[in-house]
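*Asks:* Residue strings, one per chain:
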Amino acid sequence: MGFTFTEIMPAWPEIFLACAAMGLLVLGVFMKTGAARSISWLSVLALVATGILEIVVVPDGGRVHIFNQLFVADVFTTFVKCLILGASAVGIIMSLGYNDREDIARFEFPILILLATLGMMMMVSAADLISLYVGLELQSLSLYVIAAFRRDSVKSSEAGLKYFVLGALASGMLLYGSSMIYGFSGSTNFLQLAKVLDADASAGIIVGLVFVMVGLAFKISAFPFHMWTPDVYEGAPTPVTAFFAAAPKMAAMALFISVLVGPFGNLVAQWQQVLVLIAIGSMLLGGFAAITQSNIKRLLAYSSIGNMGYALIGLSAGTKDGYSAVLIYMSIYLVMTVGAFAVVLCMRREGRMVEEVKDLAGLSKTQPAMAALMALFMFSMAGIPPLAGFFGKFYVFLAAIEAKLYILAIIGVLASVVAAYYYLRIVMTMYFTEPVEDLDRNVGPELSTIQAIAGAFVLFFILFAEPVVQMTNQAIASLTSG
Amino acid sequence: MVVQALAFYAFAAVLISAGIMVVVSKNPVHSVLFLILCFFNAAGLFVMMGAEFLAMILVIVYVGAVAVLFLFVVMMLDVNFTELREGFARYLPIGLVIGVVLLIELIVLVSGAIPIGKASGPVAKAIAKQPSGHNTEMIGRLLYTDYFYLFQAAGMVLLVAMIGAIVLTHRRRDGVRRQSIAKQTARKSSESIRVVDVKPGEGL
Numbered sequence: 001m002g003f004t005f006t007e008i009m010p011a012w013p014e015i016f017l018a019c020a021a022m023g024l025l026v027l028g029v030f031m032k033t034g035a036a037r038s039i040s041w042l043s044v045l046a047l048v049a050t051g052i053l054e055i056v057v058v059p060d061g062g063r064v065h066i067f068n069q070l071f072v073a074d075v076f077t078t079f080v081k082c083l084i085l086g087a088s089a090v091g092i093i094m095s096l097g098y099n100d101r102e103d104i105a106r107f108e109f110p111i112l113i114l115l116a117t118l119g120m121m122m123m124v125s126a127a128d129l130i131s132l133y134v135g136l137e138l139q140s141l142s143l144y145v146i147a148a149f150r151r152d153s154v155k156s157s158e159a160g161l162k163y164f165v166l167g168a169l170a171s172g173m174l175l176y177g178s179s180m181i182y183g184f185s186g187s188t189n190f191l192q193l194a195k196v197l198d199a200d201a202s203a204g205i206i207v208g209l210v211f212v213m214v215g216l217a218f219k220i221s222a223f224p225f226h227m228w229t230p231d232v233y234e235g236a237p238t239p240v241t242a243f244f245a246a247a248p249k250m251a252a253m254a255l256f257i258s259v260l261v262g263p264f265g266n267l268v269a270q271w272q273q274v275l276v277l278i279a280i281g282s283m284l285l286g287g288f289a290a291i292t293q294s295n296i297k298r299l300l301a302y303s304s305i306g307n308m309g310y311a312l313i314g315l316s317a318g319t320k321d322g323y324s325a326v327l328i329y330m331s332i333y334l335v336m337t338v339g340a341f342a343v344v345l346c347m348r349r350e351g352r353m354v355e356e357v358k359d360l361a362g363l364s365k366t367q368p369a370m371a372a373l374m375a376l377f378m379f380s381m382a383g384i385p386p387l388a389g390f391f392g393k394f395y396v397f398l399a400a401i402e403a404k405l406y407i408l409a410i411i412g413v414l415a416s417v418v419a420a421y422y423y424l425r426i427v428m429t430m431y432f433t434e435p436v437e438d439l440d441r442n443v444g445p446e447l448s449t450i451q452a453i454a455g456a457f458v459l460f461f462i463l464f465a466e467p468v469v470q471m472t473n474q475a476i477a478s479l480t481s482g
Numbered sequence: 001m002v003v004q005a006l007a008f009y010a011f012a013a014v015l016i017s018a019g020i021m022v023v024v025s026k027n028p029v030h031s032v033l034f035l036i037l038c039f040f041n042a043a044g045l046f047v048m049m050g051a052e053f054l055a056m057i058l059v060i061v062y063v064g065a066v067a068v069l070f071l072f073v074v075m076m077l078d079v080n081f082t083e084l085r086e087g088f089a090r091y092l093p094i095g096l097v098i099g100v101v102l103l104i105e106l107i108v109l110v111s112g113a114i115p116i117g118k119a120s121g122p123v124a125k126a127i128a129k130q131p132s133g134h135n136t137e138m139i140g141r142l143l144y145t146d147y148f149y150l151f152q153a154a155g156m157v158l159l160v161a162m163i164g165a166i167v168l169t170h171r172r173r174d175g176v177r178r179q180s181i182a183k184q185t186a187r188k189s190s191e192s193i194r195v196v197d198v199k200p201g202e203g204l
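Protein sequence lines correspond, in order, to chains A and B.
Okay, so the first sequence: first residue is 1 according to the numbering used here, each after it adds one.
Okay, so the second sequence: first residue is 1 according to the numbering used here, each after it adds one.
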C-alpha cells in the first residue's frame with residue numbers, strides 16, 4: 001500500500017512540525033551559545049505556521065482517514081489542535097524570561113515543547129490504539145524531560161522522576177487495556193472496533209475499556225489517578241507547570257472524547273458509570289483538598305483536578321451537547337489557567353520566585369492592574385457570571401441535566417461552591433490584607449501581554465459565546481459523523 | 001529429525017545451565033557473560049522454530065546493547081554484590097513457591113488437562129489473514145507500508161529519548177583539553193623538528 005503526498009494532506013501540519021523541530025534542533029546545536037532565545041521565537045513561529053497549515057488542510061465536513069486508517073482528521077481534530085498549538089506557543093513565550101533569569105535557558109527547551117506538541121497532535125488524530133499509544137508516549141516522554149529541566153534543583157528532578165514512574169505505570173495500564181480489547185475484538189482500529197462492538201460487549205472488552213480509561217484519566221489527572229499532580233506542579237519550573245496545566249490537558253481530554261465516542265460509542269452505558277464516579281471524585285477532591293494549600297502552584301494543581309472533573313461531567317452526559325460542552329469548558333479553562341499562571345510567573349521578590357499565596361498580600365495597592373486581572377481569573381474559575389468560567393460550567397451542568405444526571409449536576413454545583421472559597425481567598429489576600437513586601441515590577445512585556453489578552457477573553461467571552469458554541473457544535477458534529 | 005532434536009536438546013541444555021550459572025556465579029562479570037551465552041542459545045532455539053527475526057533481534061538488541069550495558073554497570077559502578085546476596089536465604093522459600101506454581105502450571109498445560117481450543121471469532125479471522133513467508137520479510141513489508149506512520153512516529157519518540165538523555169545529563173566542563181585536529185595537521189616538520197649537532201662528551 002502506498003500513498004502520495006497529496007493523499008496525506010491532513011497530516012501535513014504534523015509533518016511540517018516534525019521537520020521544523022528537527023531543523024531547529026540542528027540549528028540550535030550549530031549556534032552554540034545564546035541560541036535559546038532565537039530558537040524559542042523560531043519555535044513559536046513554527047507553531048503558528050503549523051496552526052495556519054492546519055486550518056488550510058482541514059477537510060470540510062466528514063472525517064478523512066489516512067495512513068492505513070491510523071490517522072484521522074476532521075473539524076474536531078482541527079479545532080483541538082489549534083487550541084493546543086496556541087497553548088504551546090504561549091507556553092514557550094512565558095518561559096523566555098523565567099529561563100533566562102533562572103539560568104536554564106537552553107535551546108532544547110522549546111524543541112522539547114515542539115515535540116510534545118507533535119505528540120499531542122498525534123494523540124488527537126489517533127484512529128487506532130497503536131497510534132494513540134505512540135502519540136501519547138511522544139508527548140509524555142517530552143513532558144517528563146521538561147519537568148526535570150531544572151536539573152540542579154532537587155524538587156525539579158523529583159518532579160520529573162515522579163512523573164516518569166507514575167506515567168510509565170499509566171502507560172502500562174493503557175497498553176494492558178489495549179491488549180485486552182485487541183484480544184477480545186481482533187482489531188485495534190477505531191473504525192473496526194466501532195463496527196464490531198455493540199452494547200452487550202463481552203466482559204473482556206469492558207475490562208480493557210476500563211484500563212484504557214484509567215490510563216487516560218491519569219493523563220488528565222482525574223481522581224483517583226491525580227496523586228502525581230500537586231508534586232509535579234510544585235516541583236517543575238513554573239512555566240513548565242503552566243504548560244502542563246494547559247496543552248496536555250486539552251490533548252488528553254480530546255483523546256478521551258474521541259476514544260469513548262468513536263470505537264466505544266455503543267458502550268455508553270458502560271463507560272458512563274465509570275466517568276460519573278471519576279467526575280464526582282475529581283470535583284470533590286479539587287474542592288476540598290485545595291482549601292489547605294498555601295503554595296499557589298499546588299493550589300492551582302488541585303484546581304486543575306477539579307476542573308477536569310467538571311469537564312468530565314459533559315463527557316459522562318454521553319450526548320452531543322455534552323461533548324461540545326466539554327470542548328467549550330476546556331477552551332475556557334485553557335485561557336483562564338494560562339492567565340493565572342502568567343500572574344504566578346510575575347511573583348518574584350528581589351529576583352527570586354515566591355510561590356506562597358500570602359506573597360500576594362496587598363497586591364491591589366502595589367500593582368493594581370495585575371491584581372485586577374488575577375481577581376478576574378479567580379472569579380472566572382469560581383464560575384461567577386458574566387465571566388467566561390461561568391459559561392463553561394453552565395454548559396456542562398446543562399448537558400448533565402438534559403441527560404438526567406441530576407445527582408452529578410447537584411454535586412458539581414456544590415463542589416464549585418466549595419472551590420469558590422479558595423479562589424475568593426486569593427482575591428481577599430490581594431485586596432484586603434496589607435502588603436508585606438513589594439513584588440518585583442520588571443516582569444517583561446510578554447507576561448503582561450498574555451495576562452491582558454487572557455483577561456480580555458475572560459471578561460468579554462459573553463459577547464462571542466455564540467460563535468464559539470457554534471464552532472464546538474460543528475466540531476462534535478464532524479466527530480460523530482462516523 | 002534426529003539432528004534437529006539433538007540441536008534442540010543441546011541449545012536447551014546449554015541455555016538452562018547458563019541460566020543457572022547467571023544466578024549462582026560469584027563474580028557479577030561472569031554472570032553477565034553467562035547471560036550473553038543464554039541469549040545466544042535462546043536465539044538458536046528461535047531459529048529452529050522459524051522465527052529468525054526474533055533471533056536476530058535477540059542477538060542484536062539484547063546481546064549487542066542490553067548485555068553490554070549491564071556489563072558497563074557492573075564494571076563501572078561499585079555495587080557490593082555480597083550485600084545483595086545476603087537476602088538469598090530469606091527469599092528462597094518464596095522463590096521456591098513461585099517456582100513450584102509455575103511448574104504445576106506447565107505440567108497442567110502439557111498434560112492436556114485443559115483443552116486448548118482453536119481461536120474463534122474475530123481472532124481466528126485475524127490469524128487466517130496472515131500471509132505466509134519469511135517473517136523478516138513480512139514484518140518489513142508491513143512496517144514500511146501499512147504501519148509507515150507508526151514507524152516514523154516511533155522514530156520521533158526515540159529522538160526525544162536521545163534529546164532527553166543529553167539535556168538531563170550532559171554537562172559542559174571547563175578546562176578540558178580537547179584534541180584539535182586542524183592544529184595537529186597544520187604542523188609542519190620544519191616547526192617541530194630541528195637537527196642539533198651534539199658534540200661528543202658535552203650533551204645538550
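Please note that a few of the clues may not be correct.
Taking CB as the label site, the calculated pair distances span [what the hints assert, rightly or not]:
| hint | chain 1 | residue 1 | chain 2 | residue 2 | range |
| --- | --- | --- | --- | --- | --- |
| 1 | B | 4 | A | 106 | 43 to 49 Å |
| 2 | B | 14 | A | 69 | 42 to 48 Å |
| 3 | A | 106 | B | 14 | 48 to 54 Å |
Bear in mind the hints are in silico, worked out from the structure with no lab data behind them.
For every residue, glycine included, the Cβ atom is placed at its ideal position computed from N, Cα and C.
*Asks:* None of the hints should be skipped; say for each whether it holds.
*Replies:* Okay, the hints, checked on the actual structure:
1. 4/B x 106/A: 43 to 49 Å: violated (58 Å)
2. 14/B x 69/A: 42 to 48 Å: About 46 Å separates the Cβ atoms of residue 14/B and residue 69/A, which means 42 to 48 Å holds.
3. 106/A x 14/B: 48 to 54 Å: holds (50 Å)
This entry does not satisfy hint 1, going by the numbered hints stated previously; all others are met.
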